[in-house]
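Asker: Residue numbers (the working numbering): 93 to 307.
If you are wondering where the hints come from, they were derived from the structure by calculation, not from laboratory data.
Some hints here could point you the wrong way.
[Said to hold, decoys possible] With a cut-off of at most 20 Å between alpha-carbon atoms, the simulated SDA-like pairs for lysine to any residue come out as follows:
#, residue 1, residue 2
1, Lys198, Glu187
2, Lys204, Asn247
3, Lys286, Pro181
4, Lys198, Arg209
5, Lys134, Asn247
6, Lys198, Pro166
7, Lys198, Asn185
8, Lys286, Pro166
9, Lys134, Lys204
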Amino acid sequence: MTSRRRGNSIENATSSHYQRLTADNSLLVLIDHQVGHLLTIKDIDQEELRHNVVASARAARVLGVPVILTSTAPNIFGPTLPELTEALPGVENIERSIINAWEDPKVSQAIKDTGRRKVLFSALTTHVCLAFPSISAASEGYDSYALLDGSGTWNETLRVSAIAQMQQAGVIISSGFAAFVEMVHDNANPIAPKVYAALDLPGGKSLSQLLKGRA
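My request is simple: use the sequences and hints to build the entire structure.
Answerer: In structure tokens, the structure reads:
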């Protein structure tokens, strides 16, 4: 995705040609969802955040969307959330020291190896580990998405400033729930109940039962 400045605003150069998210054109990048980071989060309930990022990981697995998992300095920030690694059996946790995950050769190569151009980022923290790589991806022409429901930071000021920074760079602000429901596209799709169950949406169990009953 590219953007151009017109006056005081950013105009998305591809805004009139939006291509929706699908299971075949997207990938999910989960950055630094570590126990130590989670304990510092103040702009979203910590347990809600934990639930949301695990739900996104599970939905990605159901849909066959590639997932890239990375963490940094476990001796400082602790291990990756156990529930997250359990939801991603067989997925390598790429350890790195570079703060911007996009600039880590192993991470960036893993992203490029998928051949997909729509990159969904979720990270702790929003103002650094989400903003930096999502902006980098957008600058290289990727359709870059920041999933806020699986990201968090220390206070509202950092959250607001990070969102503004990402939007100005052409990053699409979204959520894991919205992204994966967009991939479902049609509730007649047999995979829809499985995705809703993975997302654990409010009322999702009833919705899944209803969809199964109509199948």
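Asker: Next, verify each hint and record whether it holds.
Answerer: Consistency of the hints with the structure:
1. Lys198 to Glu187: Given pair Lys198, Glu187 holds - Cα atoms ~9 Å apart, limit 20 Å.
2. Lys204 to Asn247: Given pair Lys204, Asn247 is violated - Cα atoms ~33 Å apart, limit 20 Å.
3. Lys286 to Pro181: holds (18 Å)
4. Lys198 to Arg209: The given pair, whose Cα atoms are some 17 Å apart, holds under the 20 Å limit.
5. Lys134 to Asn247: holds (6 Å)
6. Lys198 to Pro166: holds (17 Å)
7. Lys198 to Asn185: holds (11 Å)
8. Lys286 to Pro166: Distance ~33 Å between Lys286 and Pro166 Cα, so the pair is violated.
9. Lys134 to Lys204: Roughly 33 Å between the alpha carbons, so the hint for Lys134 and Lys204 is violated.
The structure fails hints 2, 8 and 9 (numbered hints given earlier, in ascending order).
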